[in-house]
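First to last, the protein sequences are chains D and W. FYI, this note's numbering numbers position 294 of the first sequence as 294, with every residue one higher than the one before it. FYI, this note's numbering numbers position 150 of the second sequence as 150, with every residue one higher than the one before it.
One thing to keep in mind: the hints can contain errors.
Just so you know, same-sequence chains aren't split out, so a pair can sit in one copy or run between any two.
DMTMM-like cross-link-like pairs, simulated, lysine to aspartate or glutamate; straight-line CA separation at most 25 Å [as the list claims (entries may be wrong)]:
| hint | residue 1 | residue 2 |
| --- | --- | --- |
| 1 | Lys-227 | Glu-400 |
| 2 | Lys-306 | Asp-156 |
| 3 | Lys-377 | Asp-388 |
| 4 | Lys-372 | Asp-388 |
| 5 | Lys-233 | Glu-336 |
| 6 | Lys-271 | Glu-71 |
| 7 | Lys-340 | Glu-400 |
| 8 | Lys-379 | Asp-164 |
| 9 | Lys-27 | Asp-156 |
If you are wondering where the hints come from, they were derived from the structure by calculation, not from laboratory data.
There are 2 protein chains.
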Amino acid sequence: MKKFFVMAIVLLSTVPVIAQDSILIRKIYDEALTNGQAYNNLRYLCKNIGPRLSGSVNAEKAVRWGKKMMEDYAFDKVYLQEVMVPHWVRGAREEAYILDGKKRIPVPIAAIGMSVATPKAGISANIVEVRSIKELETLGEKIIKGKIVFFNRQFDPRFIETGDGYGEAGDQRFNGPAEAARYGAVGVIVRSLTPNIDDHPHTGSTLVSTGAKAVPAACISTRAANKLSRMLKLRKLPQVKLWFKQNCQILPEVLSYNVIGEITGTEHPEKIITVGGHLDSWDLAEGAHDDGTGIVQSAEALRIFKTLNYRPKNTIRAVFFMNEENGHRGGLKYAEDALKKKEDHIAAIESDYGGFTPRGFTFDGLSPAQLKDINRKWKPLLEPYYADRLTAGFSGTDIEPLRDSVPSIVLIGFLPDSQRYFDIHHTPADVFENVNKRELELGAAGIASLIYLIDQHGLK
Amino acid sequence: MKKFFVMAIVLLSTVPVIAQDSILIRKIYDEALTNGQAYNNLRYLCKNIGPRLSGSVNAEKAVRWGKKMMEDYAFDKVYLQEVMVPHWVRGAREEAYILDGKKRIPVPIAAIGMSVATPKAGISANIVEVRSIKELETLGEKIIKGKIVFFNRQFDPRFIETGDGYGEAGDQRFNGPAEAARYGAVGVIVRSLTPNIDDHPHTGSTLVSTGAKAVPAACISTRAANKLSRMLKLRKLPQVKLWFKQNCQILPEVLSYNVIGEITGTEHPEKIITVGGHLDSWDLAEGAHDDGTGIVQSAEALRIFKTLNYRPKNTIRAVFFMNEENGHRGGLKYAEDALKKKEDHIAAIESDYGGFTPRGFTFDGLSPAQLKDINRKWKPLLEPYYADRLTAGFSGTDIEPLRDSVPSIVLIGFLPDSQRYFDIHHTPADVFENVNKRELELGAAGIASLIYLIDQHGLK
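This is chain D alone, in the form it adopts within the complex (with noise of 0.2 Å):
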């Protein structure tokens, strides 16, 4: 009889909580995906406001009109916090020709966010190919004094995730740079950071040089980058040269912001679960996959308990980040104000790989056997929507520094599905028409719906 009665218990506290959650669960996706505002809410973003680097009157601009968006949702607190950022900025577009004897072949190139300029007539230097920063170390200063080094390590296109392709490729971008200066390098050139093979310069950011004199630094097309490293095999080495120009500058830092909009929680007011993307982007493009669609996902989730009526536990706080691309001051100021306020963060989610199909989450600060009880509950509800992927894994460069405020936190990365994601990826493509509105919809519905369970069950 004892057994029984548990038994009658259990079926009392989990099955009808289950039900109610697949119930909102279930009211959310239909919000998002009847009744959205995320796709219009974007296409203001990308193509009233558009390209939003740090520092820049459009970056301004996007704060103003998050503010407002926050404000017209009526979110019971909105508010900005101050953030010094960088301001980098291209100038005119760069040019860049391989020499091959008396020919001039144009390349597609962009400079990489916080290089320097060349000098007004361009750099022309032979070219020293290399695949990894050991190898400069390897061939020494000897050889790469006076020339241009060039990077040019396939994004392995394997991995299935795409994001693991760049991440292992990345360190010529990051790093290439600086480590180039050190053994003389006049210039850099690195292959974009693309699986494909596609006439896009893909820019991003780079380390600046400490130790050594900074040196222009540049992205070129995978296909010109094909074509270069063929014709230094081929022909004998002073014959190609390559000439490259820009007109990048590192402008005095400017005051900018994070916008920040919040739904007071009900019973724990004092507990905050933020949700959260980047509202600055890069120049070449709306910034739309990147990362407009975090920025309207988040909103979104906040609109959508509104509109169901949903009032939360805990806290539930939008975030637009300023300066993820070239910087990261926002994500390093909101961490830091967390610390001194001593706020009392139950977790944070971050989207910014695009506002692809969803997948799922990828979780950091969970134990495993905590992974695996979350996966027991959690995944059944997710499974009909096809996101109910929930692994270990990286959260997002904005969220990241909390783990240092606040050790208890879960941080949390929202996880489309990737393949798309380097096809656009910082460069002239990023635009709003490359964005799909169902996927998006349906990745802000999967962001509200973790949040509400994290809201109702915790994580831990």
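Since the structure of chain D is already known, use the hints to place chain W on it.
Same frame as chain D, but now just chain W:
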């Protein structure tokens, strides 16, 4: 000791097999992602051949191209299977206007495949808007006779699997025209089958009327459908009319072909695993996702086996079916011949839901216990590739008739992500540019991996 012995057996018998499977699947993916030919083959089919509705010159070009491709890959057998197909032609492009008093508002329209033409001057009539075939019965001949019936039930965007939304709304196009004809309608227009609000008419096939005079039927864009519906609500009925004109024709049937290529099994050459898609396409675009991707993925699966020097135990057969779009004759003929020849099919797999990022496979012909077992064994192998959703479900139109010919067969549908499918389905936007290379390749590799597993371990 006995217990230990049993464990050792288990380790010897299952772990090495799984390791071997895992290694071969990895090789399949590496080949598809680094040396894949599916994308280039698709480019040729789309750009050098193009639209290829059954009976057209292009359909015959596609047959010759498909046969040559499989011959060039040196499959063990390559042959054609004769099949008579309908030959419907659109003729000059359709025109339509809403007539609102003296105003003429143009409407994007496309004749529904297998429909008849209007008189040369077109048809002009008042409109009866309905949501369902059942509503026709309620209204009756008195109201419908002499009118244009306008089917305007929305494709429900709340279905996560968009194919379910298509299934739910599809009777309006499949059956609506013939049903409306029974009540004396003079023409039928159908809201395009897409959850989007866009400006494409989405064509497709309809059942040819029986028992009533066939009436001209066409699809209009969803935006135009919304506009027309609003006008019908706002204006007095006789004020708003529709005029449309189409010039389509059903010509005499044409001899065409399924294209078949095989790798002969080393142990059971008489047992067949079929993989296919359909070679015909609608006439409005290039039939890229529908179903060029299915064709090139099927050939790619066999090419990968040959390249990896994998000799299957059973015969693996790629079939490019003809006439899926407006008659299903290829699939019917294939099943008829399989019955005649008493061919022993283990399984048939169809890829006809777009070349998007893979989600998994749907199985028809396994018991729940068998499906559970397949999940237990194979899900871990397919999970790293995000192709591990193995559920019961519909397989494909071309392979469905096989169920009657081979009662033991397992029918399998390749399940890609469906979110973008009805953006382009049966519209001018179904072009090569809307197919992503990696997504296509991952699909080919996923299909090849499943064939490998079936070949090695069977399904039941």
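query = Is the C-alpha distance from Lys-372 to Asp-388 at most 25 Å within one copy, between copies, in both cases, or in neither?
reply = both (13 Å within a copy, 18 Å between copies)
ask   = How would you classify Lys-379 and Asp-164 at a CA-CA limit of 25 Å: within, between, both, or neither?
value = both (24 Å within a copy, 22 Å between copies)
request  = Give the relationship of Lys-306 and Asp-156 under a CA distance limit of 25 Å: within one copy only, between copies only, both, or neither.
outcome  = between (44 Å within a copy, 24 Å between copies)
ask   = Between the shortest in-copy and the shortest cross-copy C-alpha distance, which are at most 25 Å for Lys-233 and Glu-336: within, between, both, or neither?
value = neither (51 Å within a copy, 58 Å between copies)
ask   = Using 25 Å as the alpha-carbon threshold, which applies to Lys-377 and Asp-388: within, between, both, or neither?
value = So Lys-377 and Asp-388 pass the 25 Å test inside a copy (11 Å) and across (20 Å) alike.
inquiry  = Cα distance capped at 25 Å. Does Lys-340 pair with Glu-400 within a copy, between copies, both, or neither?
reply    = within (17 Å within a copy, 65 Å between copies)
query = What label fits Lys-227 with Glu-400 when the C-alpha limit is 25 Å: within, between, both, or neither?
reply = Neither. Shortest intra-copy (39 Å) and inter-copy (48 Å) distances fail the 25 Å Cα cut-off.
key: Within, between, both or neither: Lys-271, Glu-71 at alpha-carbon 25 Å   = Within one copy, since 22 Å is at most 25 Å while 66 Å is not.
message = At most 25 Å between CA atoms: does that hold for Lys-27 and Asp-156 within a copy, between copies, both, or neither?
response = between (41 Å within a copy, 15 Å between copies)
In this structure, the hints that do not hold are numbers 1 and 5, in rising order.
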